Structures are given as structure tokens and as C-alpha cells.
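Enquirer: Letter by letter, the chains look like this.
Protein chains: 4
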Amino acid sequence: MYSIRTDLAVEARELYKGREIPGVSVEEKHLEGIKVTKVKILNEEGEKAMGKPVGDYITIEAPGLIERDLDLEEEVAKVLADIIKEIANLTENTQVLVVGLGNWNVTPDALGPRVVSNIVVTRHLKEYAPQQFGDEIRSVSAISPGVLGITGIETAEILKGVVDRIKPDLIITIDALASRRLARLSTTIQISNTGISPGSGIGNRRLSITEQSLGIPVIAIGVPTVVDAVTIANDTIEYLTEELLKQTKEESPFYEVLKNMSQQEKYSLIQEVLTPYVHNLVVTPKEVDLLVKNISSIISRGINLALQPGLTEKEMNQLLH
Amino acid sequence: MYSIRTDLAVEARELYKGREIPGVSVEEKHLEGIKVTKVKILNEEGEKAMGKPVGDYITIEAPGLIERDLDLEEEVAKVLADIIKEIANLTENTQVLVVGLGNWNVTPDALGPRVVSNIVVTRHLKEYAPQQFGDEIRSVSAISPGVLGITGIETAEILKGVVDRIKPDLIITIDALASRRLARLSTTIQISNTGISPGSGIGNRRLSITEQSLGIPVIAIGVPTVVDAVTIANDTIEYLTEELLKQTKEESPFYEVLKNMSQQEKYSLIQEVLTPYVHNLVVTPKEVDLLVKNISSIISRGINLALQPGLTEKEMNQLLH
Amino acid sequence: MYSIRTDLAVEARELYKGREIPGVSVEEKHLEGIKVTKVKILNEEGEKAMGKPVGDYITIEAPGLIERDLDLEEEVAKVLADIIKEIANLTENTQVLVVGLGNWNVTPDALGPRVVSNIVVTRHLKEYAPQQFGDEIRSVSAISPGVLGITGIETAEILKGVVDRIKPDLIITIDALASRRLARLSTTIQISNTGISPGSGIGNRRLSITEQSLGIPVIAIGVPTVVDAVTIANDTIEYLTEELLKQTKEESPFYEVLKNMSQQEKYSLIQEVLTPYVHNLVVTPKEVDLLVKNISSIISRGINLALQPGLTEKEMNQLLH
Amino acid sequence: MYSIRTDLAVEARELYKGREIPGVSVEEKHLEGIKVTKVKILNEEGEKAMGKPVGDYITIEAPGLIERDLDLEEEVAKVLADIIKEIANLTENTQVLVVGLGNWNVTPDALGPRVVSNIVVTRHLKEYAPQQFGDEIRSVSAISPGVLGITGIETAEILKGVVDRIKPDLIITIDALASRRLARLSTTIQISNTGISPGSGIGNRRLSITEQSLGIPVIAIGVPTVVDAVTIANDTIEYLTEELLKQTKEESPFYEVLKNMSQQEKYSLIQEVLTPYVHNLVVTPKEVDLLVKNISSIISRGINLALQPGLTEKEMNQLLH
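So the protein sequences, as listed, match chains A, B, C and D.
This note's numbering puts the first residue of the first sequence at 6, with every later residue one more than the last.
This note's numbering puts the first residue of the second sequence at 6, with every later residue one more than the last.
This note's numbering puts the first residue of the third sequence at 6, with every later residue one more than the last.
This note's numbering puts the first residue of the fourth sequence at 6, with every later residue one more than the last.
A few of these clues could be false.
Note that the list lumps identical chains together, so a pair holds whenever it fits in one copy or between two copies.
Claimed, not checked - Dumping the calculated BS3-like pairs for lysine-lysine here, alpha-carbon to alpha-carbon at most 30 Å:
(1) K83 with K298
(2) K40 with K53
(3) K43 with K251
(4) K22 with K319
Calculated from the structure, these hints are not laboratory results.
It should be emphasised that the depicted structure is a prediction, and the values quoted were computed from it without experimental measurement.
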């Protein structure tokens, strides 16, 4: 068996094609060029329906980002900052650890480490020169722990170790996601207060990074940077069978053949097409390097705005380097 | 209309499924873990059948390269060196310009520039210190001219300009190709004496880089590093319809529907699946960065062995840096 | 013998310590945080005095750039744009080729290629879609030809070849320079209309890149990114002997010793200190990677502003990628 | 006041110019092209004399590495492997955590992270597939924790956290060092069993990374990649005053001036030469990027040989990627 992967709550919801989902509430807001959707999974029923844990999933969709519109980029950063502030219940003294998940050697998975490299990091300044860096600066630290394949250590274990030592009040993770839709690549941002579940993201983690496992709230920011090739192949099958069904009379025996084509049959087909890589293939626009670069600078901007409201742009820039 | 792209002569030939192709001769050789196929397009008839100009297309296929077997890598480099020597009719005094085609900012297109960065470059040494660097060293120069989108200049124009100035006897180009088959990615190398035609390679060039346009022979080395997403979608359709045809009786009206599904219909379907990127989407293994790195070091090794038979490994290494 | 290298006209002039220099006129302008000095070498006498060819050398000095002040960065970009426009006599139809000199693999020498990667390149757009990209866009192309050591070809030869093919009206080169003063690193920009002489820049070119050699005017933009270690050692000697001279009576025989210490003696000393690298050593701040990144984005911004006054910021950004 | 920095025990010893040092034993071994020196600091007296803690400091010096001799490189890797095995008392079951110290964005400080990227990492394999990866493989994990300036967290804190979680038996750190001598850059390797003291290395750490602080033995491998500019300036003064002293009669009053020039005076001079960067300036060969690349591959090879004696070269390569 196989499943079409999506890490996005808005996409899990789309599978319901507009029908109401039990245990799930949805709220939409439209700004200029930006759509903000808040999916709340309210209870166990909602968890089952959506395949995701109880919690809030807010999605920013800004298709215009594909065109490098600087005004829109700044606008998205501000919307992101507002959402972070709200979902994180930030107070003045909340100490934050920003975590860039993913593998910096693999372009579409390098989103997290890239964002981290542009976060205004202040924890050491406040610690070593508290008079100079006072209350207008929040204590922020940041790490990119790498991935299991290059460290031999589960990311969750590294984080648990670091959290136990430096005791932040909140973690914000940034991760590259897989989407079902090409149009979302580098134009959609999901913010949730549920942390990271095993198996999500491009990196296939085995342990969860959540309030339960780490003892402090975890805000997870994710951006789709790839579509699984399995998704593309599967969608092609879906579209084609739909097309064929339209042309076939319902009483035709062939109608039954199409209708009853099992998941297993579909998967065998996909496997044949995608051999020898199958589950390891991603579909990306050729210019993925650039797309990841742009969206990661928007996200680090948004996080900096959320975490350091007391700093001017100039001060931020000076601290950045 | 659309066409499934392949830059490989062996794949163009596969479309004939074993049937003889008029105007084309094929020869295969099997070494341990390496298959060498020589496709000769002999005349206009062959050109039409294959969609490629008259000339020799030699392909090295070594699926084992995917497993990082150092012995196999060295073996492939040597086979490549032998093929280059043969196809290029190298004499002692042949001055060679090695050209890395492609965009160094786009991982799967960076193959050419990466190879060039490991070529033993000697032209300046021979020119400025002819006594010290004598006949045992061949004059080799190397450039990575960039791509139209980042220079505003057709690669062929830059090369024409450089060739007119420095007057080499032979050009060897290295380019990333698109394949029809995932199994070929970074494991197949094509060497041809026909140069580069417009539209081939990942970079979509508009002018040819050939003996005709440059005035000197052009050996083109290419390695598939991506499969077009259109190919994956198309293959899925092909496999599915084939599967369905098997289950359908020939007299069934549905059989006709499937048989007669037009290219246009297929393409509309593919377009729907791949919107908004369609022709700009590539399918790659996640670890493409690594695959490109490995195969490019094999190719630069092969070229260095072919061009500098008079140098020991040690001397090569010292000249390399 | 040895000489302390400077590629900057303002530094050559400083050696005269305020005295008037025959054949040289100097003009200074002070803006907020920016000093602009225009050194005009008027005739052969001036050439000899300054060790540089007849022409205009305009220097922008903005020490504040070291502090990442975004407003100052934008201001410097605008001042640079104005100077380029003036010195280049740009008309609407002037077609420009921007050339990034230097080696992209060597951080302090990578300035030129980095600038080029952010130039708005339009030549191909105007050529292939003249109706769509009209008179409000200037034809600009851009290349980074590499350095002799990695291509085996003199940069001047590559440029001559390209210029002969694509026939631009003007070349703008960008190059990393050596300075005598650490305070100038990444905070000083020199613009001249004399092109590039052999031996200047970090890359040690042997052929000139000038109007005389290429047939079209060459504007050279340079930024110091390193100080030769020889300069540091030499300065230490100078300062020390000066200090000692102050403490020594003029009639003392030792005074004579110090006064008459020959260049040769000084150089032997320096050689001893800097063995085994001597002429290949550079002094840089640890954070040179960052400094080069910042100043190169200022310069590409300045060039884009100068060359494309008809484009809005938004249009520039869209064309950039 | 100031001090000339050296992180190398062999250099601290050189200051004694051959005299015996109380509390310190020295042993030298000469192989072909490689000199191995073992400095043992035996007691408090030795600590004071050398400015380094009690322990073993073994230095591999191979000046020939500058010439990219592949045989010598392999030989050095093997010598390094033997030293690691001996100094670490490795048994079959020793679980090792390899730590790449330093900032990957700053070329000469990127040595540690570069080495880590080529370590054969196996901990996760042994944990998740113990039958498949058995006793012939040692459990090795690896991280590059970043530096205080980019994480806001002391490296020692991150390591303490990780060690508490994954409980390795031994840590091996790799770090870029400052040397007093240019000839050592990328050709000298120091291995010690004392861990890392505050202030050592290029990165200026404040907390120690030692058996005392982490609870498990720490082997520190270091390679000089820069010389402080202060050292160069200071050496120039030393050489010059020595030269002048030779030319001055002892009864001359000037002799006294030179003899008595205080550290403070020297430092003021140096400060004047190196303003505005002073303590932040490094001297490197232009080709430092390349030097760091070469030496880091030698070190990762040496570590892999030491830690995984049960693996063939082929198996190592396959595990590496």
C-alpha cells in the first residue's frame, strides 16, 4: 500500500472537497494577494479525519511570491510575524530557540538551516553583556542540528539535550515540507502549534519534536519545496481514469474495471514508472535553488519581526552579522 | 503538441524496440559492470529516424555507479578516456579547449562547470614557461561560459569569440542531459562527435555548438541528471493505458477509445497535472547534489587521463591546484 | 626589490602627503558619511608621479559601511550610479557588457563574479522579444570569465573574443583590489575610465583590459578586499623606524643606520617573516566572506541603477531572476 | 598588554629554543617526509612553563602536504589513525562522537565542519538495524554545533546536552588553530588528550570542552589554518630590532633603547598598523580555501581509518553517502 503524502492541513482538508469535517473548524481571511486559512483540529474525531494531531494549523498562501514582488514579500513577512506572535503567546520574557530542520547539502531540504542563518541571535549578548543589551531585546538562540543520515543522532535527541541545558521557553522549528500541489512550492507557509510528528517533512524523522517530548511548546513553520514524484504519477492516473470514466457508459463492463482498479494496482504501475528510485524522487522546478533562497529570507524576516519588536531595522541588521 | 525529450541516442534507438533502424548501425560491448554501446547514424535516413545528426554516439552505462564503488569509478574513467582518445583522433599536438556548459547555480545543470573545475589546465604554463612544461604536456584550456539567462549572450557566441582568439584544435563540451529513464541518472555517459544541437541539454540553447559553427571538431560529453516531469507523467499514462488495453476485449468500443486517445488529449491531461510549471519541472532523486558531484569527478578524471597521458597521477594532482 | 602595492589612486596620492603633484588634479566632495575624491591624472608627468595611466579615478569612501547601515548602503549605491552615468557618458542606446573579474573560488577575489550574479541582464530579452522589452530597457550582458590559473586563457583574450562577437559599446569591469590600508577593506570603491592595467587587482593579470586593447571604453570598478601581508610587515618597519628616529639624536651614528636602511635590507627582513608564502599572503578580517557579500550587493545595485533608470524596483527584481 | 597566540604545544616549546623545560618531556620520530613530536606535560610545573594543561600533545608535521602529494597524504592519514588509536585507548565497543568545531561560513574556520561531513556515521544504522550492521562496525555519530556568534549558545553547552542524551564513550573534536608560523598552515596536525581550553582555536570559546566538563575523554585534533596578523607584525618588530641590535655597539645608548622597548610600546605600534581590525585580522595564503579542503579530507580519512578498522575502503565509501 501507499499513501499520497501531504504535510499541509489545508491539503488534508481539500480531500474533503468542501464537505464539513467532523471535529475540524476552518476560517479563511483574504488580504491583498494573501489568503490566510486557520484549520483547527478540535478533537480525536478531527485527528482521525485529518491524519494530524489536535491543534491549530494556519496557512499563508501567496501565489504572487513566485514573481519576486518585494512589497508582497514584506507583507507576507509581516503576516507571518503576526501569526507567530498570536499562536506563540509571546510575552516580553519568553526565551526562544529557533531550530532549522533539514539537510543543508540538499537544496530543497536546506530551507530550515537557511532561515536559521538569518535569525537575529541574541542569547549570548544578553548573557555576557546584560547592561548593554537590555529589555528591548529578547533572548533568542538558534541551531541547525542536521539530519539523522549525517549525524547518526535523531534530531529530537539533540534538541532534547540542548533544551535541557539552556532551558528556553519556546521552540520555533522551520522545515521543508512535501506538498500535493506544484502551485504551492515556495508560496505557501504553514504555522502550527503542534510541533513535528514522526515521518513529516522531507527528512523523514522517527521521533517527534513536540511539547510532549521536549517539555516546552513547539511552533512548527513549514514550507513545501517539493512534490513527491509518486504524487505526480498518482495524480496522472487519477486524472486519466476520471477522463475515461466520463467517456464510458455506466453499464459498460469497462466502467467497473476502472472504478475498481485497486490502490495496489495503481501502486504497481507507479512503481514501474519510478524504478529504481520510487520513494526517493522529488519533483521540483529547475530554479528550486532560487525559490528556496527567496522564501527562506521571507521567513527569517517574519521570525525576526515577531521576536524582536523592540529593534529598529538598522539594529537588526547590525546584530545579524 | 509535445514531445518526450531525450538527449541520448541509445534512448532514441530504444523507441524502435529492437527493430533494425535504416541508416543506423549499432554495436555493443560488455565489460565488467559496464556496457558500451556505439550508435552510428550513417546518413539522412538515419538522421530522420533518430532525430539526431549524422555521427557517432557512444554510451557508457554503469548502473553500479549508484553505489559509489571506487574501483568501478576508476574503470569508467578509463573507458571514457579511451573513447575520447579514439573519437577525437588526438595527436600529440592537438590543443584542446574544454567547455563546461550549464548553470552552476542550478544543481542538476551544474555538471559541466563542476567537471571544468577539475580539469588539468596547462595552456598558460606552456605559453609562459615552454622550457619547463614541454612536450609531455598537452596544451589544455577550459571555460564555463554560463547560460543565456545569466549572461544575456548565447553560449555559442562566447565560444566562437574565444575560439577565434585562442585557436584550439578541438573542443570537448560537458553538459547535463535529460533522460527518459530514472535508472540512467548519473550512471550513463554519452560521448559524440557531433557537437551540441539547439534545444538539447537542460539549458535549452538556441544556437548550435558544432564543427560547422565553430570551425573545429566538437566532442560532446553528456550525462543525464534529470528526467522531465512531463516524461514521468507521460510514462504513467502509457503504462496505464497498456494495462487497461490488456484487460479490454478488442471488439469492445472502449478499446477504440483507448487506442485512439490523441497526443493532444494526453498532453492536456499532463498539463493539468503539472500546472503551473509544466515544462520547467524536473524529477530528481533527493540526493542529486551528491550524484552530480560523483559523476563529475569521474568525467574530469577521464578527460584528464585522455588529454595528459604523459603525466603521472602525482604530477596531475600538482597541476590541478 | 619590492614595492608596496596599491591599486588605488587615492593611496598613490597619499604618498605625497598633501604636497601638490605635477600633472594631477584633485577634487573632494563630502556627503553625509561619504567622501568622494576625484583624482585626474592629466599628462605623462602625472602618470609618472602616480604610477597610473592618464584618466579619471573617482573614489567613494564610506567607512560606515562596516556597520551594515542599510540607508548608507542605498546612498552609496546611488552615488555609485551617478558616477557611472557621468564617467561613462551613457546614452539611451549604449549597450553594456559587465565583466566580473576574479576567481569565484577564492573568497576575497570573488567580488567581481558575485556582482555579476546580481546584474539585471537583458541583452537576450531585447534580442529575442524586442516588442516586449522596448526602449525603457538598456541592452546589458554580463560574464565572469574566470582567471588565468583556472582557464589557461588570459582574461583579456576571452574578452577580446566576446567583444568582437557581440559588439557592445562599453565595458564595465568589477575587480577586487589590494589596498595599503585595512580601514578601506570593503568600504572604498574606485571607479576609473582607464580600464585595467597588467598586474593590478588580486588576480595578477598580464594583459591589459583597456579601450586600446578592446576597441571600446572600459570603466573599471574596484574594491579593496585584502591588504598584502608584505604591506603590513613593511608598515610595521616604517612605524618602528620612525618611532626610533624620534628617540635618536640626529648626530648619533645610529641615526644614520636607520635613515639608510636600504629597501633591500627591509625586504630581506620581510621575506624572513613571511616565508614560505611571501608574495602570496593576504591579510583579511576573519569575516571577509560577509564583507565581500555586502559590498558586492551594493555595487550590483549601483550598476543596475545606472544602467536601467527606466525600470522600477519591482521590474528589476523580476528581471533579476 | 598582548600575547602572541599559539595553540600548538610544539610552538610553545620552541620558545625555549632547545633548553630543557621542567615538567615537560619531548620525543621525536622521523618518518619519510613526516616528523612526529610527542610533548608530554607532566605536572603543574610543566603547565606553567607551557601555558597548557597536563597531557599528551602529539604533532604531525608534513611540509610536503603543500604540494598535493597523494602518497604523502595517505601516509599522513595512516599516521594520524595510529596516533588516534593509541591516544584514545579505543576498544571494540567504544562509541565515539566526532565534533566539528568552528564556523562553516568562514573559510579558515570551517575545518571542523568540513571534516565532519566526511566521517563515516553509523550510530543510527547500528541502532535501527543491529543485525545488518554488526560488530565489525563501531558506533560513530558526528555533529557540527556551530559557534557562539551564530547560535547564541556556547558549544560546550550544546555538547554537554548531546552527550547527556546519547552517552558516547569518547569525543573527538576537530578545530582550526592559530599558529605562529606560516609554514605550518595546513601542514601540521596536533592531537591531544586534553580537550579544548577556553580561548583556544580560531573561534574564541569561553567554556572548556574537556573530560572534566563533559564526563568522558576528549581527544582534540587541531590544524593551524591562519596566523594572527598581530603575530606577523610582532615578528617583524622582533626581527628588525634583532637586526639593529647586531649593528649597534653594546655601549651605545641606543642599544639600551632597543633592549628596553617595552611590550606596551611594541603593542601600540602594532595597534597603529592594524587599526581598525587589530585582533580580528588573519594572515592566510590566497589559496586558503583549497588548503583547508585538502587537509580536512586527510583528517577525516585518518579518523575513519582509526574508528572503522573492520571496514574495507569500498564499504566505507558506500556508508559515506
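Enquirer: Work down the list of hints and note, for each, if the structure agrees.
Expert: To see whether the hints hold, each was checked on the structure:
no. : hint          : in the structure
1   : K83 with K298 : both (18 Å within a copy, 26 Å between copies)
2   : K40 with K53  : within (26 Å within a copy, 51 Å between copies)
3   : K43 with K251 : neither (35 Å within a copy, 47 Å between copies)
4   : K22 with K319 : neither (47 Å within a copy, 37 Å between copies)
Checked against the numbered hints listed earlier, the structure breaks hints 3, 4; every other hint is satisfied.
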